Amino acid sequence: MLNANLICKTTVLGNLKRELVNPDGFTQHQHVSNPKLDGTGPPQRKDFPLTYEMANPPHQIAHRKTWNSWNTTNLQGGLRPSETAVEDQFIRKFMVGTWHRLLRYTEELLSFWLQCPVKLELQSVANKKDVIFKYI
Amino acid sequence: MNISTLFFKRSNIKPLIKHIYIPSQKFSTDVQEKIEIPNRIPRGPTDILRALESTISRDPTAAHYKYHDDPYLIPMSNVGKRTFAMAQEAGKKAAHWIRKEHADLFNHREADPVIKAFLPRVSYDENSEVTEEDLKISISDVQVSDAQLVYRLLKSKGIEISPETQLQLLELVCYFNSEDTLSEEFIEERWFRQSSRFKDRQRKTWKDGSFAEELFIGIENPTAETYSALILGMSKHFQVERAYQLFEEAQQKGLILSTNTYNSLINVVNFLKENYEMRWTFIVDLLTDMNKVGQKPNLGTLNAVLHALSQMGSGKNAKDSVLKTLREFKDLGIEPSLGSWYYVLITYCKERGPVSTILNDIMPQIENKEHQARDLADTNFFVTAMDICRNHLHDIDLAKRVDTLLHFANNYNLIGDSYKESIYYRHYFILLINSLPLEEFMNEVYYKLVPNIYVPEPSVMTEVLKQVDLNGETEYIPKLWSDMTIFDHTSRENLIDTVLNIMINNEPPIESELTQKFADIGWNIYEKIDTQDENRFNKLSFTGDLLGNIMALALRNNDFGKACIIMDKLDKEHNKIVGVPKMEVLSLFVDHCIVQKSPSRAIACIQYCADAGFPEAGDLAARLTDTLTLNEKHIHSLVKIVGELPLAGKINVRAD
Chain A
1 MLNANLICKT TVLGNLKREL VNPDGFTQHQ HVSNPKLDGT GPPQRKDFPL
51 TYEMANPPHQ IAHRKTWNSW NTTNLQGGLR PSETAVEDQF IRKFMVGTWH
101 RLLRYTEELL SFWLQCPVKL ELQSVANKKD VIFKYI
Chain B
1 MNISTLFFKR SNIKPLIKHI YIPSQKFSTD VQEKIEIPNR IPRGPTDILR
51 ALESTISRDP TAAHYKYHDD PYLIPMSNVG KRTFAMAQEA GKKAAHWIRK
101 EHADLFNHRE ADPVIKAFLP RVSYDENSEV TEEDLKISIS DVQVSDAQLV
151 YRLLKSKGIE ISPETQLQLL ELVCYFNSED TLSEEFIEER WFRQSSRFKD
201 RQRKTWKDGS FAEELFIGIE NPTAETYSAL ILGMSKHFQV ERAYQLFEEA
251 QQKGLILSTN TYNSLINVVN FLKENYEMRW TFIVDLLTDM NKVGQKPNLG
301 TLNAVLHALS QMGSGKNAKD SVLKTLREFK DLGIEPSLGS WYYVLITYCK
351 ERGPVSTILN DIMPQIENKE HQARDLADTN FFVTAMDICR NHLHDIDLAK
401 RVDTLLHFAN NYNLIGDSYK ESIYYRHYFI LLINSLPLEE FMNEVYYKLV
451 PNIYVPEPSV MTEVLKQVDL NGETEYIPKL WSDMTIFDHT SRENLIDTVL
501 NIMINNEPPI ESELTQKFAD IGWNIYEKID TQDENRFNKL SFTGDLLGNI
551 MALALRNNDF GKACIIMDKL DKEHNKIVGV PKMEVLSLFV DHCIVQKSPS
601 RAIACIQYCA DAGFPEAGDL AARLTDTLTL NEKHIHSLVK IVGELPLAGK
651 INVRAD
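Here the protein sequences come in this chain order: A and B.
Residues in the first sequence are numbered consecutively from 1, following full-length UniProt numbering.
Residues in the second sequence are numbered consecutively from 1, following full-length UniProt numbering.
Be careful, since some hints might not be right.
Calculated pairs, DSS-like style, for lysine-lysine (alpha carbon to alpha carbon, straight line, at most 30 Å) [said to hold, decoys possible]: (1) Lys129(A) / Lys66(B); (2) Lys66(B) / Lys93(A); (3) Lys119(A) / Lys66(B); (4) Lys116(B) / Lys128(A); (5) Lys116(B) / Lys93(A).
Taking beta-carbon pairs under 7 Å as the criterion, some of the chain B residues facing chain A (in silico) [said to hold, decoys possible]: (6) Tyr67; (7) His68; (8) Asp70.
In case anyone wonders, no lab produced these hints; they're calculated from the structure.
Here the structure is a predicted model, which means the values were calculated and not measured.
Think of the CB as a built atom: it goes at the ideal place given N, C-alpha and C, for glycine as much as any other residue.
Looking at chain A on its own, in the form it has when it is part of the complex (with noise of 0.2 Å):
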């Protein structure tokens, strides 16, 4: 039970590297073969800049990012969950499209449409390069 745990565990970190641990308390690793790391796939040339949203692959973003869609219309009994996916969905590529300095043209119309306040807070930093989570 408790080996099946950590197992678990480690996958969901997404090491690539399987952890096992043995019933007398020796930590064992076994290595996965992976074409990319052991040098027989193309070369990383690890110089393409990611944002953390952008680092997550797609077999983690349940892990990762469930917690962005989590909103009480989800429960069970939930008034119209399918409405404010649409909504949300609505909200990112709203604000994609319009230029996006154009704050409180943005809060107003995206308030017409979606008929309640909408309130934005943008976040910057000063240097472009410090939003990099890592290189690929």
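Using the hints provided, position chain B relative to the given structure of chain A.
Below, chain B alone, put in the same frame as chain A:
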């Protein structure tokens, strides 16, 4: 038995005793407690929000909440604050425009119940089908031009309009002079616009022959209310003669006009009558007339009379009449608003009049109270009171009392607009800076209010700098300079000169870190002027004195490289640069050249001194030859510059 068990036993005594007493209470029958259920307090829908809001006060360390809470997006200068807020408002307006142009896309009903503010406005044109209901809606939404259009449509279709609606429409168009007004939604524009309103003041703006008059003529059997509406509109927009004509006309017809109509006429008495005597008689006549027809005066009457009196010169009569008026209205049970006190203040405290301490008598009446806006003039009180504290009475304690009142409960709502707010703080700052010790001022006022509540104007900054100079407390200079940079003050020649002079005149002690900071500020100024945009309006230009000061700061910091750059600048552009540096600075430069063993630089400087006509050039040359061993070439050029005379006896080499 150890201590802890003893303690344990002691602490057990109390519950024991309680236990004994409880039964006796339980069984006593003579105590009859009656439960009184308090009356239900009716609450409005926003009462809880208001109660929550009252627990928060303005945090001076944070920017106003209308700005984005992000360091990069928070404006610091006055111009920045205005631009950012207005830009947001412009975005809002753009969204409104889009909604108007594509109204069909916004007609969905998402909210339940429907919130009207989110829906596009109904627009009318020549072919719209309209009813009286539409007219009523336009009137209640303060859509002046829409209401006029709907009215015309209704008329052209021969639809009967009830007299009540007609009167409402007349009141609307009279109040707004048949023009659309800025929507209440655009609070920023209302907050920042002030100049236009001041200009429009006291000038006839009423549109003769406008829709309002047309409507008035169209009404059969005008009533007292109809007359009142038009008279109010005309006097509000300074069409005073015709307002008075209508007033007389109504009186001849035996109509009883409203109190507000009388008030509006008293308000414009200065346009109707010439001198004090005639004006005062006119006011008294109107008031007697009100009494005769049985119209009760209100706060508006009081303020109108005081307003009229405040514009009747500085004679003793006006002041006496003010007191009499206040007395009488007090007897009538009408409590003056802040606007009334504003009029009293401007009557008593004239710029070229005797000093009056009436504000001292007013303060006890209004202190420690929450004031509501009851009159348009109420927003003038605080700025005027502070003006009087500073310019009329020079009374710092009184100023603090006024400031406390302003921050009491929600009184800050009565500050007016951004313009009044900054004037208020300008007076407050200048009064405090000149009365408080500098350290106290900086810690308790400056650091608290700047920059989120108030950004000092250049004139206020000059005063602060002056005090720094007087007290010699130059440790504030780096902070002040960084503030000035943020507030866009650094393109003002007088401020730059002041800062430089303070730094030069108050040389920090050796080893002080200020020397380094001052040199940085100096260099900052140099770069600012050097790298200005060519096409800039009001370009700053180097002067000899300014460059000399910057050079002195660099030299004090032992930064010979930067001093050399400035020396080269002086030398190369001497025909462009007005004036020359002080001799002490040039002498200091030569001293540093000697330390750095750089004779050619020293010679260039001596050349510059000689060209500028300083007689001390010879002394400098002598000092140079005394301390450094020069080669032939250097001595040759030195002799060329200053001649042989000053060097005689020091060296034996002849120039030729």
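A quick look at each hint next to the structure:
1. Lys129(A) / Lys66(B): Measuring from Cα to Cα gives roughly 29 Å; hence the hint holds.
2. Lys66(B) / Lys93(A): holds, 25 Å
3. Lys119(A) / Lys66(B): Given pair Lys119(A), Lys66(B) holds - Cα atoms ~11 Å apart, limit 30 Å.
4. Lys116(B) / Lys128(A): Violated, at about 42 Å.
5. Lys116(B) / Lys93(A): holds, 26 Å
6. Tyr67: With a closest approach of 10 Å, the Tyr67(B) hint is violated.
7. His68: holds, 6 Å
8. Asp70: Holds. Min distance 5 Å.
Hint violations for this structure: numbers 4, 6, all remaining hints satisfied.
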